[in-house]
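Engineer: Sequence:
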Amino acid sequence: MLAQQRQQAILERVRNHGGVRVADLVRDLGVSDMTIRRDLEVLAERGLLEKVHGGATAAGPGSTEEPGFAAKSVRQQAEKEAIARQAATLVRPGTAIALSAGTTTWTLAHLIADVPELTVITNSIRIADVFHRSPRPDRTVVLTGGVRTPSDALVGPVAVAAIRGLHVDTLFLGVHGMSVRAGFTTPNLLEAETNRELVASAHRLVVPADHSKWGTVGISTIAGLEEAHVVISDSGLPEEARDELSSRAGELIIAESAPESRVAEQ
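Residue numbers are given in this note's numbering: position 167 of the sequence shown equals residue 1153, and the series is strictly consecutive.
Hints listed in this document are in silico derivations from the structure and should not be mistaken for laboratory results. Treat the hints loosely; a few may be bogus.
What the hints assert, rightly or not - Within a straight-line C-alpha distance of at most 25 Å, the following computed SDA-like cross-link-like pairs (lysine to any residue) qualify:
1. 1037 to 1206
2. 1037 to 1230
3. 1037 to 992
Work out the full structure: start from the sequences and follow the hints.
Structural biologist: Here it is as structure tokens:
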């Protein structure tokens, strides 16, 4: 395979999955570690991707750029499903939970649709629809009002007013990015305000976030890393990120992917 063909193959993987790992490229393309790293350097110099520890990600968006729900739903599917399965084990019958908008929390909603006697608070149209399609007489779903974002979240003063004064056992918070400096972030200012109200309502904060979120910084902080009681990520999370999250959050759980699963297609 010529260098140009190899680099095109790398770019296609980055565009399809949001990021690549050097080890995977070495194995799949049958070339040396040095060759892959040189390819990544060339592509990074052309502004086509960003090099990160152990691999590369799509060229970084601005801190206010917000992908739509459909675009995000096809990224890191296997990782999101593994994270959602792990998060589902934290949901107990007869409790009140909140699910913020996001593709990982949407995947989680499918997995807990049969849990009895749940009260669910959400600002996500997509998540509310999951429960609507799987009705239970012993479940209560509260969908906030608000202004709709590109990721199908309902945000703003109406959403904040609906959440204020509520108290839930656990909040599963979807995030755009996480970093030591900025904490858990979003590219939408109104969504940050709404999510901060959700955090304030919760006895326990669980953040299900795949490895691609590490190092991504949105314009507004929702919560600091130390505010999370549990962070659930996947095996692609870099070692330095694991160290930071383990020392700052209450608990870090690494979920292993099951390649054959496709919960998000339901």
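Engineer: Run every hint past the structure and note whether it holds.
Structural biologist: Evaluated hints:
1. As the CA atoms of residue 1037 and residue 1206 are separated by approximately 24 Å, the hinted pair is consistent with the 25 Å bound.
2. Distance check on the hinted pair: residue 1037 and residue 1230 sit about 20 Å apart at the alpha-carbon level, within 25 Å; holds.
3. A distance of roughly 16 Å separates the Cα atoms of residue 1037 and residue 992; the hinted pair therefore holds under the 25 Å criterion.
Consistency with the previously given hints is maintained throughout, with no hint failing.
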